[in-house]
Amino acid sequence: MKIHEYQGKDIFKSYGIPIQDGYVIENIDDAPATIEKVQKEFNTEAVVVKAQIHAGGRGKGGGVKYSPTTAQALENAQNMLGMNLVTHQTGTDGQKVRKLYITQALDIKKEYYCAITLDRSQTKDVFMVSSEGGVEIEKVAEETPEKIIKVWIDPLVGMKSFQARKLAFGLGLTGDAFKMAVKVFMKMYACYVGTDASIVEINPLVLTEDDQIVALDAKFNFDGNAMYRHKDIAELRDVHEEDPTELEASKYDLNYIKLDGNVGCMVNGAGLAMATMDIIKLAGGEPANFLDVGGAASAETVKNGFKIILSDEHVKAILINIFGGIVRCDRVANGVIQAVKELGLKVPVVVRLEGTNAEEAKSILSESGLAIIPANDMKDAAQKVVDAAVNS
Amino acid sequence: MSILVNKDSRVIVQGITGSEGTFHATQMLEYGTNVVGGVTPGKGGQMALDGQVPVFNSVEEAKAATDANVSIIFVPPPFAAEAIIEASDAGVELVVCITEGVPVHDMVKAKRIIDQNGTRLIGPNCPGIITVDECKLGIMPGFICQKGNIGVLSKSGTLTYEAIGQLVNVGLGQTTAIGIGGDPIIGTTMIDALKLFEADPETEGVVLIGEIGGQMENEAARWIKDNMSKPVVGFIAGQTAPPGRRMGHAGAIVSGGDDTAEAKMRIMTECGIAVCESVADIGEKMKAALQ
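If you read the protein sequences in the order shown, they are chains W and P.
The first sequence begins at 71 in my numbering and counts up one residue at a time.
The second sequence begins at 349 in my numbering and counts up one residue at a time.
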């Protein structure tokens, strides 16, 4: 689960991490008063107007504007609020800007990168910093990996001061700024653990002209499986930032991701669902979605899955591929029949059922009299559904 | 022979009185698994599964009374990591955690403890392990398996069943099939399981099924190149998956660039693995690899 920058900074604040502070507006009428408030409270004429969307790359896309005067701040706010911001992470449609964060402007001496996340191969959390902040850090990792300093944290002991010192020394910090950075790194780890984050990233963390260490940005990703113990964070979810169909699917406990093709598919298990998409492609088609109905596919789940797939008007044919373990194929077959009766057979449906009660399921489908296309195995199913999509 | 579990495995079920635990423990008993006890705190002294299996308050008690060496976990996600630690602390040799949705921060700690204690963990979020006709520890449909000489190793549940189905269709049975799970932190890695299959005299070939994300398949491929004498057939799911909608850059820096299906398939091929482009070719490819 992701949150906005201003929400992330609120969390940082609660952990005592210094931030570039400001206020959020959702209505342009509030802009003049909010700009004035920021100017007064932080004793600055210049402010920064920042679009609040979940995707990264906002600066390059024109979603972060330094505004030296009140007039420019107002103009930037007017242009930005409501715009469709396109970044390399939003896709070509972009993301509508519904909130602006108006912050103080700081005099920056140096920018750094820092982040904590899980290193799967070490099965430990890794804390990374780099003196090459504010730029494309992937490039740094690839071209000059020695410029990224890493420490791995023992989960039973937690982060230790010597590790934070290693990071701060590595950035070349000295004096008060060094001491401050060590404190910030320790607090950042406490924040990562305390919020069940899967990523905490600050890019950039800056050294100001008056030698303060300040977080200019805040990126969080949280472990959805742990949100039951963080009700306050779960409430920060912004449904406007999510695909409406995917949101609808999540209400039915369906794991759905919309894609660009025209062959819909409904599968049990994420691995088999991906393999089904792959074989549709190999058969010459393009998958319209990923849909994992999970381990408890019932008649109801199948019906909801059908609705979700059919809500995408590009879908020309549907493949249902179930390998029943706990899932009983006869129940799935009944679900298919029920769904087709209620929703109509708008596009051809190919069904491949294997595993628990597969034989019963096949006779249920053939005796139903509905024009459902049976398939024997995955190759057969993929070919049939792609042919059906071409011909419909 | 087989790997990790067989007819002599003495199994306890943590969470035996819950609905999942009861359902699957019953199925495991029917398959012939030697289920000797169950654990539900507060229900010690009762009998579960229609009076067939005694229930204990803790793994420690269950182990003392039944001499169990294997535990399978069906407890809800908030308590699963602790259940793993409890089993490890009690000295159980092999722990299988079926539970889906265990918080990663909990698993990082649990992993550190089982490594320290020398406990072998399979999962979490996995279908479990089955040694054909001897011991089923998990939620897979046992009836699709057939005894034979192929080991199956997979991150995914239903894709494991698909592979088993195809193997049976070309006349190849299995020794043991193991689903290691696809969570960020898991107990048994692909290399761990490959070592066991390589050492098992009955296993003549291995099907290795991976997915996009992480580096485990690549590490396994390199290990196979240097150490494996038996043929390996590989498949990677997710060739058409859209590039991850990543937040921030930290994940990319840690994982490097080789976590796509394309990259993994290339590395596996370079390491001498017979890689299937299509999932439908797993059975035939294994048959060909054995000849």
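Misleading hints may appear alongside valid ones.
As the list claims (entries may be wrong) - Stretch-level coverage of chain W by chain P, calculated; a stretch enters the list once three of its residues show a Cβ under 8 Å from a Cβ in chain P:
1) 102-112
2) 262-272
3) 446-455
Think of the hints as simulated: they come from the structure by calculation, not from any bench.
Virtual Cβ for every residue (Gly too), placed ideally from N, Cα, C.
Going through the hints against the structure:
1. Counting residues of the stretch 102-112 of chain W whose C-beta sits closer than 8 Å to any C-beta of chain P gives 0, which falls short of three, so the coverage hint is violated.
2. Coverage of the stretch 262-272 of chain W by chain P holds. Counting CB-CB distances below 8 Å, 5 residues qualify, and the rule asks for three or more.
3. Judged by the Cβ-Cβ criterion of 8 Å, the stretch 446-455 of chain W is covered by chain P as claimed, because 4 of its residues qualify and three suffice.
Hint compliance for this structure: hint 1 is the single one not met.
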